[in-house]
Amino acid sequence: MSNENPNNNPQWRGKLDKLEHFPGSAFNSDVAWEKLYGRLRGKKESKKILWYWIAAACLLFAVMITILNYQRPTPQALNKETAKEQPKEVNKPVAKVGEINENKKQASAETKNRTVSIPERSMQRGRSIARIQTVHSDEVVMSDPEKEPLVKPLQIINTNPTIAVLPKKKLNVVHINELGDPIIESSDVTRIEDIHSFKLKFGNGEVLSNSSVVSKPSGFIILKTRTASN
Amino acid sequence: MNTSELVKEAKQGSTAAQKCLFDQFAEKMLLVCQRYVKNPEDAEELLLDGFYKFFTKIASFTYQGDAALYAWLKRIMINECLMFLRAKNVFTIVTEATAEEIPLQEVALDNLSAEEIFKLIVQLPVGYRTVFNLYAVEGMNHGEIAELLNVSEGTSRSQFSKAKVLLQKLLLQNDIKYVKRKSK
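Heads up: the sequence lines are chains A and B, in that order.
Note that the first sequence ends on residue 230 in the working numbering; no numbers are left out.
Note that the second sequence ends on residue 1184 in the working numbering; no numbers are left out.
Hints are computed from structural coordinates only; laboratory data are not their basis.
Misleading hints may appear alongside valid ones.
Said to hold, decoys possible - Label-pair distances were calculated between CB atoms; the ranges are:
1. A:Ser-29 <-> B:Gln-1064: 18 to 28 Å
2. A:Ala-26 <-> B:Gln-1012: 32 to 42 Å
3. A:Ser-29 <-> B:Lys-1119: 18 to 28 Å
4. B:Ser-1004 <-> A:Lys-44: 21 to 31 Å
5. A:Lys-35 <-> B:Tyr-1070: 17 to 27 Å
6. A:Leu-50 <-> B:Lys-1053: 14 to 24 Å
7. A:Ser-29 <-> B:Glu-1115: 16 to 26 Å
8. B:Val-1122 <-> A:Ala-56: 15 to 25 Å
Said to hold, decoys possible - No more than 20 Å apart at the CA atoms, straight line, and that leaves these computed lysine to aspartate or glutamate pairs for EDC-like:
9. B:Lys-1119 <-> A:Glu-20
10. B:Lys-1169 <-> B:Glu-1115
11. A:Lys-35 <-> B:Glu-1041
12. B:Lys-1011 <-> A:Glu-20
13. A:Lys-47 <-> B:Asp-1049
14. B:Lys-1028 <-> A:Glu-45
15. A:Lys-44 <-> B:Asp-1049
16. A:Lys-15 <-> B:Glu-1115
17. A:Lys-35 <-> B:Glu-1045
18. B:Lys-1053 <-> A:Glu-34
19. A:Lys-15 <-> B:Asp-1049
20. A:Lys-15 <-> B:Glu-1138
21. B:Lys-1028 <-> A:Glu-20
22. A:Lys-35 <-> B:Glu-1115
23. A:Lys-18 <-> B:Glu-1116
24. B:Lys-1038 <-> B:Asp-1110
25. B:Lys-1019 <-> A:Glu-206
26. A:Lys-43 <-> B:Glu-1045
Unchecked claim - A few chain B residues facing chain A, derived, Cβ under 10 Å:
27. Tyr-1052
28. Thr-1062
29. Tyr-1063
30. Leu-1148
Idealized CB from N, CA, C, for every residue including glycine.
Could you put the whole structure together from the sequences, leaning on the hints where they help?
Here is the structure:
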């Protein structure tokens, strides 16, 4: 049996094609159209509604972003706020790393005039260890009461990412003499471990050498002698 | 307004043009649907489904004459009907590998009017009717029918043969009735 359709154009098929409508059928074209139009309109409306929802969602998203951006403070505004808060709050950490340089400049400018003299309290093995008092401005001054007061500012690099906001305090400039005499207290300390070394040559050629002479606070000096060979 | 202009305006969303096209083809398409689906309500519903599909996809249609438009619409309607039959699961065809060749007395059909032929076809069971419609009326071959209905070609042939046998019986009955009517 061949796969092709043998009855391509029979007469009855032509008759069937020419049949326009079936007599006795209760088909109402207008009613059917109303139903169809309702479906088509419903589809259009649903499409419109979908677009409205998409538009509303986009608008809401845009508004949210705008509000969030508005609430986030700009660095300039932050600087202004911190400048206002400086007299009120002390040592308030500021999280912005970018403001470190500006705050440092401010701090150094403010604290150039207020230096604090610290008496030296201890001397050890010939090296003076000065107590460092860190001020918020990161400047340290040490002074030796026996000599002329040497004011040498030391710059300490502050690695801490948080920056302390400096208070605007006016410190009184006080002369060191007004603070009292710290020599009595510190002289003992300085003399405790003074180490000297010297050589003593006598007339007969005897040489006394001392590698370590320890000065005691009582005033006695212990000499260790050694006769040098000629 | 001719059909090409109606199609053009319907593509642009004109409701009036859509209604004109519907009025022009609705009854013919309803006959197509009724040839496949016996129930008139179901056939009307399928007609609306078909036209809905037609109007929603008309933008992709290129007008090449009334015959092409008619063929496209008819194809949409047939697809809707076949989908409906598959969904209802009424379209069950028993697979039969061999089919007996039974010649259809086409002369007898030619003597009948279009309405009588239509009534005869509608009297066939759903499986026979579908294959008969696709093969004898739409002019498809058994390979296409087998692909459409998801059956083997042998099954399609077998169904068509059985449809012809049944149709001969119906024709005979119809002839007897016709003779009786004439003798009265």
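If you check each hint against the structure, which ones fail? 8, 12, 14, 19, 22, 24, 25, 28, 29 and 30
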